[in-house]
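Participant: Given next are the chains, with one letter for each unit.
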Amino acid sequence: MLDDMNRSLSILVWGVVSLLAAGATAVVALHRSEPINALWLVAAATCCYALGYRFYSKFIAAKILAVDALRATPAERLENGRDFLVTNKWVVFGHHFAAIAGPGPLVGPVLAAQFGYLPGTLWVLAGAVFAGCVQDFVILLFSVRRDGKSLTEMAQEETGVVGGVVAYAAIIAILIILLAVIALVVVNALKDSPWGTFTIAMTIPIALLMGVYLRRIRPGKVLEVSVLGFVLVLLAIWGGQWVSQHPGPAQVFTLSAQALAISIFIYAFAASVVPVWLLLAPRDYLSTFVKLGTIGLLGIGIVAIHPTLHMPALTRFVDGTGPVFAGKIFPFAFITIACGAISGFHSLISSGTTPKLIARETETRMVGYGAMMAESAVAVMAIIAACVLQPGVYFAINSPSGIVGQTVVAATATISNWGFPVTAAEMQALAHAVGEQTLFNRTGGAPAFAVGMAHIFSQTLGGGTVMALWYHFAVMFEALFILTILDAGTRVARFMIQDALGHIYKPLGRTSWYPSIIFTSALIVAAWGYFLWQGVKDPLGGINSLWPLFGIANQLLATVALCVATTIIIKMHRAKYAAVTLVPLVWLVAVTFTASWHKILDPNPRVGFLAQAHALAAGPATSATARLIFNNRLDAGVTALLLGMVALVLFESARQWLGVLSGRKEARVKETPFVMTRLSEERA
Amino acid sequence: MIRLKQAARILISTLREIFDEAAYTRFLQRTRMASSPAAYAAFWRERETNAAPKPRCC
Numbered sequence: 001m002l003d004d005m006n007r008s009l010s011i012l013v014w015g016v017v018s019l020l021a022a023g024a025t026a027v028v029a030l031h032r033s034e035p036i037n038a039l040w041l042v043a044a045a046t047c048c049y050a051l052g053y054r055f056y057s058k059f060i061a062a063k064i065l066a067v068d069a070l071r072a073t074p075a076e077r078l079e080n081g082r083d084f085l086v087t088n089k090w091v092v093f094g095h096h097f098a099a100i101a102g103p104g105p106l107v108g109p110v111l112a113a114q115f116g117y118l119p120g121t122l123w124v125l126a127g128a129v130f131a132g133c134v135q136d137f138v139i140l141l142f143s144v145r146r147d148g149k150s151l152t153e154m155a156q157e158e159t160g161v162v163g164g165v166v167a168y169a170a171i172i173a174i175l176i177i178l179l180a181v182i183a184l185v186v187v188n189a190l191k192d193s194p195w196g197t198f199t200i201a202m203t204i205p206i207a208l209l210m211g212v213y214l215r216r217i218r219p220g221k222v223l224e225v226s227v228l229g230f231v232l233v234l235l236a237i238w239g240g241q242w243v244s245q246h247p248g249p250a251q252v253f254t255l256s257a258q259a260l261a262i263s264i265f266i267y268a269f270a271a272s273v274v275p276v277w278l279l280l281a282p283r284d285y286l287s288t289f290v291k292l293g294t295i296g297l298l299g300i301g302i303v304a305i306h307p308t309l310h311m312p313a314l315t316r317f318v319d320g321t322g323p324v325f326a327g328k329i330f331p332f333a334f335i336t337i338a339c340g341a342i343s344g345f346h347s348l349i350s351s352g353t354t355p356k357l358i359a360r361e362t363e364t365r366m367v368g369y370g371a372m373m374a375e376s377a378v379a380v381m382a383i384i385a386a387c388v389l390q391p392g393v394y395f396a397i398n399s400p401s402g403i404v405g406q407t408v409v410a411a412t413a414t415i416s417n418w419g420f421p422v423t424a425a426e427m428q429a430l431a432h433a434v435g436e437q438t439l440f441n442r443t444g445g446a447p448a449f450a451v452g453m454a455h456i457f458s459q460t461l462g463g464g465t466v467m468a469l470w471y472h473f474a475v476m477f478e479a480l481f482i483l484t485i486l487d488a489g490t491r492v493a494r495f496m497i498q499d500a501l502g503h504i505y506k507p508l509g510r511t512s513w514y515p516s517i518i519f520t521s522a523l524i525v526a527a528w529g530y531f532l533w534q535g536v537k538d539p540l541g542g543i544n545s546l547w548p549l550f551g552i553a554n555q556l557l558a559t560v561a562l563c564v565a566t567t568i569i570i571k572m573h574r575a576k577y578a579a580v581t582l583v584p585l586v587w588l589v590a591v592t593f594t595a596s597w598h599k600i601l602d603p604n605p606r607v608g609f610l611a612q613a614h615a616l617a618a619g620p621a622t623s624a625t626a627r628l629i630f631n632n633r634l635d636a637g638v639t640a641l642l643l644g645m646v647a648l649v650l651f652e653s654a655r656q657w658l659g660v661l662s663g664r665k666e667a668r669v670k671e672t673p674f675v676m677t678r679l680s681e682e683r684a
Numbered sequence: 685m686i687r688l689k690q691a692a693r694i695l696i697s698t699l700r701e702i703f704d705e706a707a708y709t710r711f712l713q714r715t716r717m718a719s720s721p722a723a724y725a726a727f728w729r730e731r732e733t734n735a736a737p738k739p740r741c742c
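If you're matching them up, the sequences are chains A and B in order.
Everything in the first sequence is counted per my numbering, starting at 1 for the first residue and increasing by one.
Everything in the second sequence is counted per my numbering, starting at 685 for the first residue and increasing by one.
Treat the hints with care, since some could be wrong.
[To be verified] Now the stretches of chain B that chain A is said to cover, found in silico as 3 or more residues with beta-carbon under 8 angstroms:
no.	region
1	692-700
2	703-710
3	717-731
Note that these hints are calculated values from the structure, not bench results.
Glycine residues also receive a C-beta, built at the ideal position from the N, C-alpha and C atoms.
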């Protein structure tokens, strides 16, 4: 009787949630006549995530993966108190979320807002529920069943040596392009901004101070020192205002894009070479502290003030002529937003630290599927932050001077002619309100996001008078964790290169041998530094070529992860359910291969790298022409190389699938044998 | 009230795990050392040589 009542109640509740999801999504998708309230996006997202988690992830867990609460995980069997450790599921969830949520879900959706709020929102919701969350969940579970093996190892074991080698090469390529593009985002946010540059510069001595405090004064008291560091960062933001208002110090901290790029090279090299405890770890703590707090605050701010979105659902730029980046809605919206919908990089984390902490297989659903849902919610917040701006303001901030013109008059005229009115006085007033000299041509997404966030925060706390402080807080928040990824990413890539070089000359593989550290660090910094420099010198702003390249690389890694997942599912004799990973895989192949084709061969010079090189060769020659032509050809070559490698993995995987399905190949998965858990309910 | 306390405890545990405080405590237990600058230096030496660097996503 009680069971029947519970069942009826459950049907009623989920029926209401389903109706709400359908209603809110319909409003978001079909409302055209006047600006829409952000709460519709929040409602659509919340209901879609709830339905996806309750039904789809449960179906995957029960029918396909057959997650088993009685099967001992590597955290239990191999527990060593260091890497393998039985950990509370909420703690693992927080740990995993902190590792996967970076600037991607903030920057990508802001850039894709040039198409309007609708394409990004729909892709973020559908992409997360049906692709991103699924990828993170299945890769996490498969890694748990293989003693926490990495994606590269699983690819090698399940799809063959080619899969392993390609996964390795794709990871290195993604890291290099990722580091270049996020460094470019920081450069564009800080160029000619003494306030922002001072604040970020101050985070280096603050991190050093935290490192020394932890090492010498209060060993291990990280939370305590993070609070102290946070207070010092707030003081640095306050001090930045003083710096920007005094000509002498303002001049010192007013740096061009080139000067900032050089500073970032030096910083990243130093951070990769000095001991982790001194700079990298304290900066990581500080940025995580600020990141978690700010994301929470932004969520509360959006719900509290429920702002109106001024950006239309769809803009005229769905035809591919957008100023932020060139290319049609398909495929470019889907590679511009990676993190937030599906990101291949997550498969590295799902097969890295996290599987070694999971206490029970059943928890992989909450950690893998659930944490990705949380990241997707961050992407929805970024869409809202970008779309609360007047479209004219959004395009003035995000359009490069090469597109809208070199002068303020030309830029405002061009943008107004597109049907998004904006005036020089309006932009000047906004720049003044946020404490900047100008907001024109601040490409990269970070400044637009910061303006939107400052707009939301200032309406929640402090009013318009503190908008400048909120803007610089937002810039600091983004730049802080981008720089953390720069130094952590350079170090990760350094370890991978050292590992590979160790096979050629053994001492090069020793991670504590200084000549090897310096050589490999320089190699990695030079590699991403080259692309950063290319972006800084690019007359189209750099983001136009580098962000799609990063998106393609990231989504190609997701393709590799989904190939591995599909292969394992087929080998598990669950071929009839393989569509769960196969459909997102087919979609990603369509998206990435089409995008790569356009980026290499499209006849429009704003889209195709080779067409751009050809146009440059045919145009008037300047001192930079030869370099620009080479860079475009290099970008085309990198894209083709990535594409070729992933095509190989696809081919190898398809061979495995056909072999197993036709009975020619034995369907044997490389799982660790079943061992019964000994964990008591309380400990797990 | 009990649930609130439980939630607060989990939140603090999560933060301690994210910020490596829990890892340091486990290191001290494993090596039977008392917290000191030397112990913290040893903790980081071990992390730098044994543990792979934590990747951070984009």
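Participant: Each hint: holds or not?
Facilitator: Consistency of the hints with the structure:
Counting residues of the region 692-700 of chain B whose CB lies closer than 8 angstroms to any CB of chain A gives 5, which reaches the minimum of 3, so the coverage claim holds. Note: the region 703-710 of chain B has 7 residues with beta-carbon separation from chain A under 8 angstroms; the three-residue rule is met and the coverage holds. Beta-carbon proximity to chain A at under 8 angstroms applies to 10 residues in the region 717-731 of chain B; the threshold of 3 is reached and the given coverage holds.
Of the numbered hints given earlier, the model fails none.
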